[in-house]
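A.B. asks: Could you build all of it, start to finish, from the sequences and the hints given here?
Protein chains in written order, with the working numbering: chain H, 1 to 369; chain G, 1 to 369; chain A, 1 to 369; chain L, 1 to 369.
No wet-lab data here; the hints were simulated from the structure. Treat the hints loosely; a few may be bogus.
Copies of the same chain look alike in the list, so a pair counts if it fits in one copy or across any two.
As the list claims (entries may be wrong) - No more than 25 Å apart at the CA atoms, straight line, and that leaves these computed lysine to aspartate or glutamate pairs for DMTMM-like:
| id | residue 1 | residue 2 |
| --- | --- | --- |
| 1 | K8 | D25 |
| 2 | K299 | E355 |
| 3 | K230 | E251 |
| 4 | K69 | D19 |
| 5 | K231 | D332 |
Keep in mind the model is a prediction, meaning the values are calculated, not measured.
4 protein chains.
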Amino acid sequence: MSGYEIPKSMKAWVLGDPDVLELVDKPVPKPGTGEVLVRIDAVAICATDLEIINEGSPALIEGELPFNKNFTPGHEYMGTIVELGPTVDEYAVGDRIAVEIHAGCGRCERCRMGMYTSCLNYGANYDEYSKGHRANGYTTDGAFTQYAVNHVNTLVRVPDFMTDEVATLIVTAGTAMYGLDVLGGLVAGQGLVVTGAGPIGLLGVAVGKALGADPVILTDIVQDRLEIGKKLGADHVINVKNTCPVKAVREANSNRGVNFVLECSGAQNAVNDAIRMVSRGGRVCLAAFSHGPASVDTKYIVANNIYLYGIRGEGKSAVRRAASLMKQKRFDASLVHTHTFPLSDLPTGLKYAREKIDGAIKVVIKNQE
Amino acid sequence: MSGYEIPKSMKAWVLGDPDVLELVDKPVPKPGTGEVLVRIDAVAICATDLEIINEGSPALIEGELPFNKNFTPGHEYMGTIVELGPTVDEYAVGDRIAVEIHAGCGRCERCRMGMYTSCLNYGANYDEYSKGHRANGYTTDGAFTQYAVNHVNTLVRVPDFMTDEVATLIVTAGTAMYGLDVLGGLVAGQGLVVTGAGPIGLLGVAVGKALGADPVILTDIVQDRLEIGKKLGADHVINVKNTCPVKAVREANSNRGVNFVLECSGAQNAVNDAIRMVSRGGRVCLAAFSHGPASVDTKYIVANNIYLYGIRGEGKSAVRRAASLMKQKRFDASLVHTHTFPLSDLPTGLKYAREKIDGAIKVVIKNQE
Amino acid sequence: MSGYEIPKSMKAWVLGDPDVLELVDKPVPKPGTGEVLVRIDAVAICATDLEIINEGSPALIEGELPFNKNFTPGHEYMGTIVELGPTVDEYAVGDRIAVEIHAGCGRCERCRMGMYTSCLNYGANYDEYSKGHRANGYTTDGAFTQYAVNHVNTLVRVPDFMTDEVATLIVTAGTAMYGLDVLGGLVAGQGLVVTGAGPIGLLGVAVGKALGADPVILTDIVQDRLEIGKKLGADHVINVKNTCPVKAVREANSNRGVNFVLECSGAQNAVNDAIRMVSRGGRVCLAAFSHGPASVDTKYIVANNIYLYGIRGEGKSAVRRAASLMKQKRFDASLVHTHTFPLSDLPTGLKYAREKIDGAIKVVIKNQE
Amino acid sequence: MSGYEIPKSMKAWVLGDPDVLELVDKPVPKPGTGEVLVRIDAVAICATDLEIINEGSPALIEGELPFNKNFTPGHEYMGTIVELGPTVDEYAVGDRIAVEIHAGCGRCERCRMGMYTSCLNYGANYDEYSKGHRANGYTTDGAFTQYAVNHVNTLVRVPDFMTDEVATLIVTAGTAMYGLDVLGGLVAGQGLVVTGAGPIGLLGVAVGKALGADPVILTDIVQDRLEIGKKLGADHVINVKNTCPVKAVREANSNRGVNFVLECSGAQNAVNDAIRMVSRGGRVCLAAFSHGPASVDTKYIVANNIYLYGIRGEGKSAVRRAASLMKQKRFDASLVHTHTFPLSDLPTGLKYAREKIDGAIKVVIKNQE
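C.D. replies: Next comes the structure, spelled out in structure tokens:
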């Protein structure tokens with residue numbers, strides 16, 4: 001990076017009213033203590049981006065936060081460090097890194113437990129009492145731009161051989177890993193169902209298989225995605241369009257329930273299905289935002305001693321564990337990446353992601369200066 | 001117990017069709033290897049007994065078990081050991097003991113983890129392939145009778161000073177303890193809400209306070225029960241008849257969410273309330289059977305990284321920990337006991353429990369020969 | 001605190017060569033972001049203070065840190081907040097607080113797990129690459145002075161009714177609590193041996209009993225301290241001057257091993273005794289610095305599946321849990337406090353603590369302006 | 001297996017005085033409730049077998065058990081089920097299985113926690129108060145014979161493609177897995193040092209790498225074994241014959257300590273080295289029996305908040321997780337197997353194992369009728 005010159009201003013997409021994004025010039029920000037300036041090389045579009053742009057951040061207790069205007073969305077990104085803030089010696093200028101979405105305040109009860117994605121000062125980063133919490137592209141400026149400031153806590157190294165596009169998937173894999181962590185971590189030799197073959201679900205298959213889960217069963221209604229799931233390690237795939245998912249899962253697992261379900265579909269009946277896919281005493285991780293409340297058989301949950309874990313994002317340093325598996329080439333995350341557009345063409349990228357045009361799964365925006 | 005003579009036959013209430021209980025003579029059973037014969041001295045009526053008698057056991061996957069006829073219900077009991085089966089040296093004849101409801105098969109994956117209330121051979125105790133699972137008064141004969149055989153794994157010592165009536169509450173306190181265990185155990189100095197002031201809820205308050213939870217907040221709609229909750233250690237009680245429970249809880253806890261909710265009401269909106277009583281990253285234990293499915297805000301659970309733990313009964317030796325607190329007189333469980341009837345008068349006792357006559361909370365049946 | 005004026009300079013004891021402390025004038029420090037200025041009202045003398053003054057901090061990997069000159073020791077203290085740094089709204093001027101010893105960097109792998117007393121940047125707080133780690137009185141200025149700056153993460157509220165002297169013991173109780181936490185937390189109804197009746201050991205008895213351990217057994221060679229242990233909740237005390245501690249413990253526990261040992265003596269044979277006090281599969285926490293290496297029967301540890309947990313200080317917010325028990329008056333920590341001296345008389349206080357004059361256990365220095 | 005006829009008697013090696021093994025005829029045993037009769041197809045020789053034959057079982061509290069005469073050693077074995085005892089439907093005649101060493105009593109506090117290798121009734125299997133504990137080849141008859149009775153709890157399925165010889169290594173891999181489990185299980189992306197390249201150490205490398213540990217570093221003094229370690233997944237191997245192991249490990253890990261050490265050497269300075277290989281807050285599992293007590297720097301353990309986990313054997317169903325990894329062909333355990341002898345030639349096999357003749361690592365005894 002020697003000789004690299006940081007410009008004074010940069011292009012950034014800024015959200016106005018719902019679904020109104022404008023490309024403007026903004027000053028390049030400066031890193032503070034413990035922070036670095038990242039030149040964004042690639043950013044992936046997440047389904048939640050579409051929601052944030054359309055209806056606002058799903059992160060918070062209702063009524064706590066209005067529609068967040070005048071900021072830059074985009075949260076699954078990677079780039080190159082171009083400037084170090086004070087006290088930073090963990091990284092050097094020129095390092096390629098991926099970025100975790102959440103930086104906790106480091107001061108609340110949750111952050112003190114390592115649960116920084118559940119920071120109790122979530123969103124409290126706007127005024128003189130700012131505690132330093134950031135959720136990139138949710139509550140603070142994100143990555144549909146050229147540069148971003150990030151705390152060293154959110155950085156994860158990207159190995160040389162890995163493409164920019166694949167590196168944007170590290171955080172996605174980290175979310176899947178976090179889900180498996182809260183399920184207890186000891187997945188080797190245990191049956192794991194992943195419901196929903198979106199990017200988190202597909203990488204949930206990959207991470208689960210890498211850690212030795214057996215069998216790994218993937219359900220979805222799109223056959224093409226199920227085929228990718230097979231390549232990422234699914235032992236069985238089930239197209240639930242015309243099948244009872246619970247019955248199909250049990251048939252795929254010697255007619256028994258599995259130990260673990262990683263729910264990545266957000267479907268209306270997802271919880272009721274998941275609790276019937278596990279055996280008595282089984283565990284379910286809810287990793288997908290659903291739409292509206294669901295009817296849930298709570299009596300079944302009690303009678304069968306089932307644990308349900310809602311997870312917000314990618315806590316407990318799970319991203320680093322996932323990054324290591326990708327560095328060790330345990331699975332081929334590039335299978336999840338389908339399309340690439342330049343930053344100037346973000347609207348097209350969003351359209352592909354929203355309408356799943358041409359089989360789009362993960363659409364990546366590359367920063368072309 | 002020297003000179004005590006075990007009779008050949010005994011009186012037992014046997015369930016026929018729904019709500020039909022008959023008092024009959026049955027042979028006194030013989031203890032097998034690792035088992036003892038217990039003379040039942042007292043048995044408490046649980047709300048689940050009423051359900052079992054009326055509609056069958058709530059324990060199992062739907063369709064797995066028909067209405068269980070021709071057996072003796074009753075599962076919260078204590079008594080005196082009158083005979084030892086082969087290999088038993090952990091207890092002696094004459095020992096007073098309370099009895100855990102569940103004996104696991106000891107062979108399935110859950111039993112091997114200590115989760116014997118989630119035994120995968122639940123109910124598989126009827127034929128030549130019996131694995132030894134028992135759920136007293138659920139799937140095997142229970143305690144509305146004079147004698148019962150139990151495995152040593154289910155026994156808990158009763159100290160001399162404790163009355164028979166109070167000793168029937170050891171298992172109830174153990175269920176509350178199990179709930180706090182799955183919530184993580186480290187409740188000292190943490191806010192705990194108990195929703196529902198039935199016996200498990202009231203003893204949940206007592207156990208939570210004994211372990212140092214602060215504040216302990218109890219909600220219910222019956223003021224008399226809330227008053228008992230205060231005596232058992234509740235720092236705040238909230239009558240939710242005319243109040244928003246979430247708002248009231250937050251006001252009672254310095255306008256913040258608590259870390260833990262122990263849900264003991266089974267109320268229709270219980271889960272949605274509970275997840276809003278905890279702060280982001282909080283944990284909820286569901287300890288009560290609800291009636292029918294509930295509408296649950298699953299998106300809120302995900303966005304706020306909330307964990308929900310359904311518990312079936314009293315696993316992981318929690319009953320022994322609860323019994324120890326009661327032996328150490330950390331709380332006065334007798335406050336929960338309101339009425340006593342002789343075994344011959346079981347129908348009256350059930351009526352009191354069902355209709356909550358005369359403020360009935362815990363109705364105990366004493367075995368009066 | 002209205003009208004309270006913070007002076008420009010303060011008296012402080014500063015360490016020169018080993019055992020040379022000098023009372024000097026120093027400027028009162030200013031709180032930075034997330035920090036407060038504390039007026040020190042009371043500080044207790046810890047055995048480690050004597051070691052730090054005599055031979056240096058025991059905290060670090062050998063050779064990593066030279067004898068730490070030119071700083072102020074003292075780490076068990078409480079006081080009153082007199083000034084808030086930027087962004088602090090968790091506390092107000094006038095709040096009485098106790099202070100945890102360790103503030104982690106918040107950036108290393110351990111801090112991200114909540115293990116801030118094991119911060120990988122321990123001691124890295126001296127230069128431009130300072131990561132913000134502080135160990136009061138170990139690696140940064142401590143409390144044998146009038147004012148100190150502390151991060152909000154290290155503060156714990158002191159209730160009105162509690163004396164300054166007792167409040168200095170909150171951190172000591174927190175260390176005992178941390179020890180019980182790492183042992184698994186579920187101590188109710190379990191046998192617990194505390195070896196060594198110094199302040200941590202005595203408060204280990206108190207916290208263990210408050211959490212329901214049964215029996216709690218305390219060993220030491222000083223009968224007076226054992227008597228205090230009884231008052232704090234020990235069910236059995238064993239003077240091991242002329243007794244085999246292992247044999248005596250087993251006799252006091254129905255001839256069985258216990259589940260947990262909290263080792264607070266640092267005695268030469270402490271580990272070998274502790275591993276024989278627990279039953280197979282038992283757990284031992286080492287909470288005391290010993291002097292020099294010990295001969296340890298490692299084969300016994302393996303053959304009996306014993307876990308040993310060394311703990312450094314008071315991690316994982318255990319101090320807050322301990323403070324809550326003290327706020328709830330679960331035990332009388334004042335029994336551990338024996339002597340008080342003014343700040344100007346620190347040398348006398350240290351002499352009492354070192355030579356255990358007049359039965360000294362906890363000697364407290366009060367700040368008398 | 002149709003038509004297979006179980007003979008009435010079998011050949012068995014029986015231990016008399018130390019180092020005296022005699023081949024005798026014994027009746028074939030009968031399986032009881034929950035048990036099966038196994039035709040032993042292959043058994044591997046473990047270093048502990050050599051110790052048991054020479055000086056007795058290392059398992060128990062000193063003085064608790066005399067030298068165990070008149071029994072058959074051998075504990076790492078696999079075979080074919082030839083008869084089912086009452087209630088067994090988990091397996092069928094003809095199934096190939098490997099056998100865990102320990103069957104717990106299922107009644108003590110440890111068994112109820114899933115810690116059946118730490119059964120408190122260890123060795124209590126001889127008389128009318130037998131609780132059913134078995135440690136094959138330690139306290140009950142083992143596998144240097146043709147048939148053995150085993151409880152279903154100890155059985156693990158062997159896939160068709162796996163050779164008998166490799167299947168004897170399932171339990172060895174399970175011990176390594178148990179070690180990683182107690183270290184916390186989340187080894188992906190974490191540095192792991194395995195000290196000692198015996199069979200457990202080598203399979204510790206394999207399992208650790210399969211679970212994503214990075215880097216995996218293996219130390220030993222035998223270069224040939226280190227080379228096998230490389231093939232099993234070690235990123236770095238260190239011959240510590242002429243090197244400081246601590247220094248070499250840190251150099252191999254970017255000059256930092258690792259998170260985890262799996263100690264499999266039993267060497268005199270093993271604990272002191274291991275605690276210096278981990279970073280502050282790191283964890284060490286002691287999986288090898290050492291010879292005699294070692295000098296241990298306990299102060300260092302406390303100052304650096306290090307946890308040490310002694311493990312006895314293969315608890316918590318870890319063998320099943322390891323077996324699954326082998327079924328999924330995550331590593332080639334056959335690399336550890338070096339020699340094979342028939343049952344009649346057991347003495348030669350023992351000699352090869354004891355004297356490491358011809359580079360012997362794992363010597364397997366095949367049952368040739």
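A.B. asks: Run every hint past the structure and note whether it holds.
C.D. replies: Hints versus structure:
1. K8 / D25: Classified as within; 10 Å inside a copy, 48 Å across copies.
2. K299 / E355: Classified as between; 22 Å across copies, 38 Å inside a copy.
3. K230 / E251: within (18 Å within a copy, 40 Å between copies)
4. K69 / D19: within (10 Å within a copy, 62 Å between copies)
5. K231 / D332: The answer is both: 8 Å in one copy and 23 Å across copies each meet 25 Å.
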